[in-house]
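So that you can map any letter, position 250 of the sequence shown is 250 in full-length UniProt numbering, and since no number is skipped, the others follow by simple counting.
Incorrect hints may have been included.
What the hints assert, rightly or not - Using 30 Å as the maximum straight-line C-alpha spacing, the simulated DSSO-like pairs for lysine-lysine come out as follows:
{"id": "1", "residue 1": "K203", "residue 2": "K263"}
{"id": "2", "residue 1": "K217", "residue 2": "K268"}
{"id": "3", "residue 1": "K23", "residue 2": "K46"}
{"id": "4", "residue 1": "K46", "residue 2": "K120"}
{"id": "5", "residue 1": "K206", "residue 2": "K263"}
{"id": "6", "residue 1": "K120", "residue 2": "K180"}
{"id": "7", "residue 1": "K120", "residue 2": "K203"}
Stated by the list, open to error - Quick list of simulated restraints, FRET-style, between CB atoms:
{"id": "8", "residue 1": "E96", "residue 2": "E179", "range": "53 to 61 Å"}
{"id": "9", "residue 1": "E96", "residue 2": "E124", "range": "38 to 46 Å"}
{"id": "10", "residue 1": "G158", "residue 2": "I90", "range": "40 to 48 Å"}
{"id": "11", "residue 1": "L92", "residue 2": "I37", "range": "43 to 51 Å"}
{"id": "12", "residue 1": "I90", "residue 2": "P119", "range": "31 to 39 Å"}
{"id": "13", "residue 1": "P119", "residue 2": "L148", "range": "42 to 50 Å"}
These are computed hints drawn from the structure, not numbers from a lab. Using N, Cα and C, we set each Cβ at its ideal position, and we do this for glycine too.
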Amino acid sequence: MSSEISVRDQIFSTYGSLYDAEKKVADYLISHPAEAIEMSVSELAKHCEASQATIVRFCKKIGCKGFHQLKIKMAGEQRQQEEQVISNEINLDHMEQSLNNILGSKLEELKATYSNFDPKELREIIDLILQADMIEFAAMGNTIPIALDGTYKFNQLGLKAVSSTIWESQEAFSRLLREKDIMFAISASGASKHLLNMVEIAKENKAVTVAVTNQAKSPLAEACDYVLLTATREHIFHDQVSFTRMAAMSVIDCLFLFLFSTKWDSFKNVAEHEQSVAEEKM
Numbered sequence: 001m002s003s004e005i006s007v008r009d010q011i012f013s014t015y016g017s018l019y020d021a022e023k024k025v026a027d028y029l030i031s032h033p034a035e036a037i038e039m040s041v042s043e044l045a046k047h048c049e050a051s052q053a054t055i056v057r058f059c060k061k062i063g064c065k066g067f068h069q070l071k072i073k074m075a076g077e078q079r080q081q082e083e084q085v086i087s088n089e090i091n092l093d094h095m096e097q098s099l100n101n102i103l104g105s106k107l108e109e110l111k112a113t114y115s116n117f118d119p120k121e122l123r124e125i126i127d128l129i130l131q132a133d134m135i136e137f138a139a140m141g142n143t144i145p146i147a148l149d150g151t152y153k154f155n156q157l158g159l160k161a162v163s164s165t166i167w168e169s170q171e172a173f174s175r176l177l178r179e180k181d182i183m184f185a186i187s188a189s190g191a192s193k194h195l196l197n198m199v200e201i202a203k204e205n206k207a208v209t210v211a212v213t214n215q216a217k218s219p220l221a222e223a224c225d226y227v228l229l230t231a232t233r234e235h236i237f238h239d240q241v242s243f244t245r246m247a248a249m250s251v252i253d254c255l256f257l258f259l260f261s262t263k264w265d266s267f268k269n270v271a272e273h274e275q276s277v278a279e280e281k282m
């Protein structure tokens, strides 16, 4: 990574894999970071209604040796952050503040997503796209629109990209991939059986696989050759919502803009496409 992933991002990235007791610790740290920094492990355990062993286990899951190291990292990150008047409240009776809360959350998602990029790996992915004969965007459920968007944008550039709203068709495309081709597997949890099966098929055919996910330690992330890690902040508003499409869409936009600036015939292809679309408008 271009920079070390923050404690906050580590928590959001691993949240879906935490046990209920560990989620209590995560929720407290997200909501009360300043207070937690001043606590001992026993004090934090009391506030979270969890055992000290749970807190130590949680710390290790997010990449810290123990609570002491976690506090040091949180304190350092807190000093670097600008003060923001943002809460997790969404209330129709407080519309202006709620809009600021949502905007702050979305901005933080995008900033965290882009800070996750490794420039060297991103350059390698872009070079692989340019060399590919076929590019597949594979996704399940509510991430399918992201796959369709990627296909549309890449086709605009004159790249041969495919996707489908039907998983059987996606799997059929994965069987057509060959060496130098590339698959983008997009998943919130990184645990979709269908998607993992497609990745395995693509790898058997020697295609390159890229995961777009917010779960850094998911089966999908471990199976793919590259990982573009997205950030999510929607746990702030509701703990059952684990994936925002905005961050993943921004990954597609980022790739599109780099490719547009690099591929010599991109402007011509996009201009021709826009002209054909314009003819259909009033």
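Against the structure, the hints:
Restraint check for K203 and K263: satisfied, since their Cα atoms lie roughly 26 Å apart, inside the 30 Å limit. Our distance criterion of 30 Å between C-alpha atoms is broken by K217 and K268, whose separation comes to about 41 Å. With a C-alpha separation of about 14 Å, the suggested pair K23 and K46 falls inside the 30 Å cut-off, and the hint holds. At most 30 Å may separate the alpha-carbon atoms for a hinted pair to count; K46 and K120 exceed this at roughly 44 Å.
For the hint linking K206 to K263, the alpha-carbon distance of about 24 Å falls within 30 Å, and the restraint holds. Between K120 and K180 the CA atoms are separated by roughly 19 Å; this keeps the pair inside 30 Å, and the hint holds. At most 30 Å may separate the alpha-carbon atoms for a hinted pair to count; K120 and K203 meet this at roughly 22 Å. The hint said 53 to 61 Å for the Cβ distance between E96 and E179, and at roughly 55 Å that hint holds.
The supplied range of 38 to 46 Å is met by E96 and E124, whose beta-carbon atoms lie about 44 Å from each other. Range check, G158 to I90: about 42 Å between beta-carbon atoms, so the 40 to 48 Å window is met. The hinted range of 43 to 51 Å is not satisfied by L92 and I37, whose Cβ atoms lie roughly 34 Å apart. Here the CB-CB span from I90 to P119 is close to 35 Å, well matched to the stated 31 to 39 Å.
Restraint check, P119 to L148: a C-beta distance of roughly 28 Å breaks the suggested window 42 to 50 Å.
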